[in-house]
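Colleague: We have chain A already, so just place chains B and C on it with the hints.
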Amino acid sequence: MTSDRETIISARSLSCVFGTGRKRFVAVDNVDFDIYNEEIISIVGESGSGKTTLARMLLQLQASSGGTLLFNGKPVTDKRDHWRRVQAVFQDPYASFNQFYSVESQMKACFNLFTEKFSEPQKQQRIDGALRSVGMDPAEVKEKFPFELSGGQMQRLLIARIFLIRPTILIADEPTSMIDACLRASILDLLLDLKKELKMCIIFITHDIGLSHYVSDRIFVMCKGKIVESGRPDDVIARPQHEYTKKLLDDIPVLHKAWLEE
Amino acid sequence: MHDLGPTNTGIAPLLTVDDLAVHYMTRFGQQVQAVKGVSFTLDEGKVFGIAGESGCGKSTLVNGVMGLFIPPLFYTRGSVIVDGEDITKYDKEKLRVEILGKKISMIPQGALNSLNPTRKVKKFATDVMKNHEPDLSKSEIYDRLEERFKAIGLDPRVLNMYPLELSGGMKQRVVIGISTLMNPHVVIADEPTSALDVSTQKSVIKMLLELMERKIFGSMIFITHELPLLYHVADSIAVMYDGKFVEVGDCDQIINRPAHEYSKQLMNAITKLSTSGQRHADGGNK
Amino acid sequence: MKQFKLLLKSPWFVFGAAMFLLCIVVGVIYPLVSHTDPFLRNGVPFDSPSGQHWLGTNGEGQDMFSRLLFGLRSSLFVGVAAGIFATFLGTFIGIVGGYKGGILDNALTLVTNLFMVIPSILVLILIANSIEKRSMLLVAFIIGATTWPWTARAVSAQTSSLKNREHVSLAKLNGYGIFSILFMQILPYIMSYVFMVFIIQMATGILEEAAISMMGLGPYDSVTLGQIINQSQKTEAFTNGNWWVFMPATLLITALQFSLYIVNTSMEGIFNPRLRKEE
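Residue numbers (our numbering), protein chains in the order written: chain A, 1 to 262; chain B, 1 to 286; chain C, 1 to 279.
Bound conformation, chain A alone (with noise of 0.2 Å):
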């Protein structure tokens, strides 16, 4: 472990609750974590564990009911502040864009969390650069709409978003669960490449573990609200702790390794 690490987001007793009385629901439970600059996370949970309200908490998208959360040590006042340093890529490539405006002039929206005003020219100009980042020739792309996509291009385009934006912390929520397997290596190198040209750091949300795996440096499990088992993928997945981490592992249908026998 390198010591220069600092702690860029920090959480003590976050808790994030809905509704009163008999319909109360307690989404995320009381968590504590350190997350430091330049890592990767992986939050894997089941729907329901918290792990989105969680995301969403870090992406200010919702209001925590109690506890600390900070970012650089400090508390989030100015929200459009927070989103130039914290973004997001969503699961569902489709549902994230306004079917009704094209590329252009959806990426021409990122600039309006600039506070420095960019010439037309300015703007083009780096939005083909952020195109071009994410494989995309921005001459075929920038007219067409949403619904003229593929479910890969769309997912490409919302990490061209994140090309412009330059944030330092990335929330990437299920990003590869709607692509097929055979393009999902290819969107996880290219948040990758992400990462290190950006040095972001970058926290996944997923069920998936054999994703939490191959790109984390440490996995904080969910279960019910709460980080039940937290630490590097190897000794997560290796050495499993906690009884529901054990008993997810067991669940995963892996090659190789017995499923259906007890």
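Keep in mind that the hints were calculated from the coordinates and are not lab data. Every residue gets a Cβ at the ideal spot worked out from N, C-alpha and C, and that includes glycine. Worth double-checking, as some hints may not be accurate.
Not the full set, but computed from the structure, chain A residues with beta-carbon under 10 Å of chain B [said to hold, decoys possible]:
1. Val26
2. Glu46
3. Gly48
4. Asp180
5. Cys182
6. Ala185
7. Leu188
8. His207
9. Val215
10. Ile252
Just so you have them, the derived chain C footprint on chain A, three or more residues with Cβ under 8 Å [unchecked claim]:
11. 30-40
12. 81-88
13. 91-97
Modeller: Frame of chain A, contents of chains B and C only:
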């Protein structure tokens, strides 16, 4: 026809598909060949897995195997033989009465959507049974349902519940229970567990295999893009791409020694992203 | 849009739309080209249809044909204006409440439900009665102000299901504020629905205008179809069997309603599957 490895000698296969091709007509009058000549046989007690990505033609193949050539889907050529008869020649009425739900039954992907939310489960089940046994009275049907549900380990009380009251896994089990009421020869499971949690997935798969072992249904076609699942479920696997089976073989061979380029690509993509795969070594701090 | 082409293929839509458009065209053009003054009392009262007066005359000797078509124009004006008011108001309230949720939504829903429960016709009567100089625009405004709840409810439901969509989250992540999101991200998705709602609101507007006019509380600065009927009642045209005085107006109101409802129903068939696909 491909050689699928050892089959039960002497016993006729439950399903024989020979050079089946299906096309659909676009709104502009173009003919698009979605399935380009697919052949395979299905023996009793066996699971035939089909692995393929989106757009390879799996869903069209399913419709074709069930004889459901409903516009814009059209029959091009080939045969589907069940109990000695070619069902591609059947008209809709004959299909409905003799085949669908009775000899070939399907468990769709979005099972949660196929259950009408405003009707109790038993209403749905009764409708299905009435299709095939119109002479039974409601109470006779209900008795049979109860009996069958108990026999397969489902609490018969769910019959009186609404789909909304059931969990995803429970709904899927109910759909399986109803789809196998008539003890079909072939069950086609099209991504039956993709929307379920990993633990629920395991129990639903277990249920399917158990039901087959108990001869509640004869054989299964299992379609998924998740190869690790096929590894544990299928006896033989066909890799589908662009409307064709690019490779067919027994489970062990396809998974461990894929021959076709596409199969290899698929396998690589899976093994790369598995818990036993390699870790990405990035130059960052560790 | 492609949907429009689909709409044109539906025979019901074409029929209804054509009927309504025809009424509009006639209602707009006739007053411009006609030489007959609908207010001029120069005919024999209750004269049955003839070459000079195609639909006869009413109790004051006014030409019924031109009254009918002038009335059509006025009724359309009030109906369409009322529809526009109601749609705007209802959409605004629905979209804000549906998006914000929480206390604001609860408050707006309460107001909406209150307005819904009180029969708009009562409110109309009360307000219309208390205002002497009721211009067409004012009547349209009053109708719009009492018929918006239906729209608000529908739009609110649509909006609250849309607000959790990922493209809305993305817009937030781009730093856009609430009004930009409502206008750019939510409104386009409910536009087809709002359009359908507008058709219904127009039909309601026309009907409500006819209703209050029939009671004698209609606009004072013109003749509308409802007023024609009201007049015919006052002059006992019903009992005297002078069908040409009230029948055409009644049929025309019915025709307008019918055409608008057909258009709406045919649109539902085309639009709804799309909305469901977006789910």
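Colleague: Confirm or reject each hint.
Modeller: Results for each hint:
no.	hint	verdict
1	Val26	19 Å, violated
2	Glu46	4 Å, holds
3	Gly48	8 Å, holds
4	Asp180	4 Å, holds
5	Cys182	5 Å, holds
6	Ala185	5 Å, holds
7	Leu188	8 Å, holds
8	His207	7 Å, holds
9	Val215	5 Å, holds
10	Ile252	5 Å, holds
11	30-40	violated (count 0)
12	81-88	holds (count 3)
13	91-97	holds (count 5)
Consistency with the previously given hints fails for numbers 1, 11, ordered from lowest to highest.
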